[in-house]
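Start from the sequences, fold in the hints, and give me the full structure.
Number of protein chains: 2
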Amino acid sequence: MAADEVGEFERIRRFFAPLAGPGGLGLTDDAALVDCAPGHRLVVTADAIVAGVHYLLEDPPDLVARKLLRVNLSDLAAMGARPLHYALTTALPPELGPDWLARFANGLAEDQRRYGIDLLGGDSVGTRGPAVLSLTAIGKVAEGREIRRCGAKPGDVVWVSGTIGDAFFGLAVLRGAYPDLAAKDRDQLVRHFQLPDPRTELGPRLCGIASAMIDVSDGLLADLGHICETSKVSALVEMGRLPLSPSARSAIGSRLDILPQLAASGDDYELLFTAPVDATDAIIALSSAVDVPVTRIGSIYVGTGVRLVDADGLPVPVKAVGYRHF
Amino acid sequence: MAADEVGEFERIRRFFAPLAGPGGLGLTDDAALVDCAPGHRLVVTADAIVAGVHYLLEDPPDLVARKLLRVNLSDLAAMGARPLHYALTTALPPELGPDWLARFANGLAEDQRRYGIDLLGGDSVGTRGPAVLSLTAIGKVAEGREIRRCGAKPGDVVWVSGTIGDAFFGLAVLRGAYPDLAAKDRDQLVRHFQLPDPRTELGPRLCGIASAMIDVSDGLLADLGHICETSKVSALVEMGRLPLSPSARSAIGSRLDILPQLAASGDDYELLFTAPVDATDAIIALSSAVDVPVTRIGSIYVGTGVRLVDADGLPVPVKAVGYRHF
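Respectively, the protein sequence lines represent chains A and B.
In case it helps, the working numbering puts the first sequence at residues 1 to 326.
In case it helps, the working numbering puts the second sequence at residues 327 to 652.
Simulated from the structure, these hints should not be mistaken for lab results.
We put the CB at the ideal spot given by N, CA and C, even for glycine.
Certain hints may be false.
Here are some chain A residues pointing at chain B (derived, C-beta under 8 Å) [stated by the list, open to error]: (1) Asp29; (2) Thr45; (3) Asn106; (4) Gly107; (5) Val125; (6) Arg128.
Quick look at the structure:
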C-alpha cells in the first residue's frame, strides 16, 4: 500500500457516506431502500466511463464526476423521468489517492445539490488498469407517461434542444485545435464538452407532448437513426436549421463544410424529440417556461434511414456517423 | 480493431438484448422501467469486480458472470429482499472477444432462469486495462420489513447459514495448495469459491424473525463486526460451533490451528444474522422448510467488538480479520 492509499471501508466512509441520502442508510448496510411514489414507475439507466477513453487523465476529477452523473441524468430526461438517486462503483488505480477522490466526491456533492438527488451506495475497488467509473441512475415517471424511442410517426416534426456541435469543438480545442479562437469561445466550447447541461426540466415536461425522444450522445444523426429504427420511420434533417452557439459559429467561420460533421458529432446531451405538428405551440410555450431553446430541424416520413439535406433539399454526404472516443 | 472485435451496439444486440426482461424494453431505449408492487420498497445494491483482483483471468467466463450476479443477490437476501432485476456495465479489454462474451452471457442467462430475474440494461465499453464488471441489482421488500444491520440486541443469538471456510479452501486449492486432498473435495471447495449459493429463499423469509443480518463477504468475524458496530453491541463466537463442510473437514485434518483463519475468511456468501432466543424454534422450522442448514454460533452482548473463544471460553487470537483479495 502506498502511504496515501486508503482502504475500501475508509474510502466509503470518508468520501461517499456523506453523499448518501436517507435511503442509502449511511452506506452501512448491504443495500439501499428506494421508495416508489404511487402511480409511478422507476426508471433505471447505467453508464460506464474509462480513463483515457471517455475522459482525459488530466481532466479535473470534479468535472469527471459531474459529467458521469449528468450523462445519466440526460438518459433519464430522455425518457421523461425526474432524477431521484444513483449508485456508483469505482475501480481506481493506486495513483488516484485521497486528493483525487476528495475532488471527485466534491463534484458529486455539487451536482447532487443542483439536481436534488442522492447516493444510494455502490462499491469501491482497486485496479491496476485505468480507472473505470460506473453509475446507475434511478428516476421516476408517472405510469404510462414515459417517452420511448418507438413513438415517432410520419408527419411528426423533429426538434432538438439547445445547440449542437459545441462538444465537438470543445474536444477539438482540448486537443489543441482552433488556437486562434477567442479565449471566451474556447472556454465555452470546452465547458460544453466537459460539463453537459442535461435537460432535466424540459424532458419530464415533454411527457404527453413528444411522441419519441432520445438524448444526443452518439451523434445527432445516429441518435435520430435510433428513433427511426425503433419507430420504423425515416427522418429528414435540414442542415441549415441545426442550432449553433455563437462560439461554435466563431469556430466554424467560413468553413461551412464542417456542418455535416457537427450533425454526426455526439456528446452534446441535448434532447432530440419528435412531436405532431399540432404540438408546436405547446412546445414553444414549454421552451419559454423552462428557458431552454428548442429548434425544429426536420420531419419524420415513412421509410427507413436518416437523410441530411442542404438548403436546396439535396442530400449531404456524411462521413462518420456517430461519436468516436479519444 | 481486431478482426474478432465487435462494436458496442453489436455487443449489446447480440449478447445482452436477449437477456432483457419486459422493463428492459429490448435495451433499445435510454433507460429501463421498473414497477414497484404496492406496499413494497425497492432494494438496490451494486458491486464491481476486476480481473486479476476478484477473479482469475483464466476463470471460465460463465462462472465469473454467475458469481458477480450471485454476490449481488446475496446482498439483497441479507436485507430480506427478493431479487427482481439487474443492470450491468462491462469495461472489457480487446482480447476478450465474442467467444468470451457469449460464454459470459450464457452464465447470466442460466442464473436469470434460476433466480427469476432479468436484465434492465447497462453499458458496454472498452478498456486497455483489466476487465471491470459492475452490476447493480434491484429487489423488493415489503415496507418496514427490511432487515438492517443495526437491530441486534444484547441477549440475541448469532446464527449463520450453510458452512464457513469452503471459499477459503477453494481459493487455496486454485492456488495449488492441498494437492493430496481427494479430487471430489477439491472440486467442491473450488466450486464454493467460484459459485456461491446466495440464500435468496432464506433471507426474505427471515423478515420479522431476524433482528439484524449481513452476508459473509468480508469474513465472518469482520461482518459480525459490522453488525456490532451499527447495532452498538458486542458479540462472542464459539470457534467449535463454526459449521464446516465434510470437504473443509478433510482439508483441515488435524490442523485445527487453521480454524481462527476460517472465522476471518470471506467470500462464503452465507447469511449471518441475529435473533431473539425465543425465535429459535421458528428459525429451525424455517431452515427445514427452505432446506438450508443454520447454526447457532454465538451470542450478542453489551459493549463493543467481536470475540472468538475456544471450548473453554478463552479468547482465540485472530491474525487477519477480513477477506484479502488475490
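Checked hints:
no.	hint	verdict
1	Asp29	5 Å, holds
2	Thr45	4 Å, holds
3	Asn106	21 Å, violated
4	Gly107	19 Å, violated
5	Val125	5 Å, holds
6	Arg128	6 Å, holds
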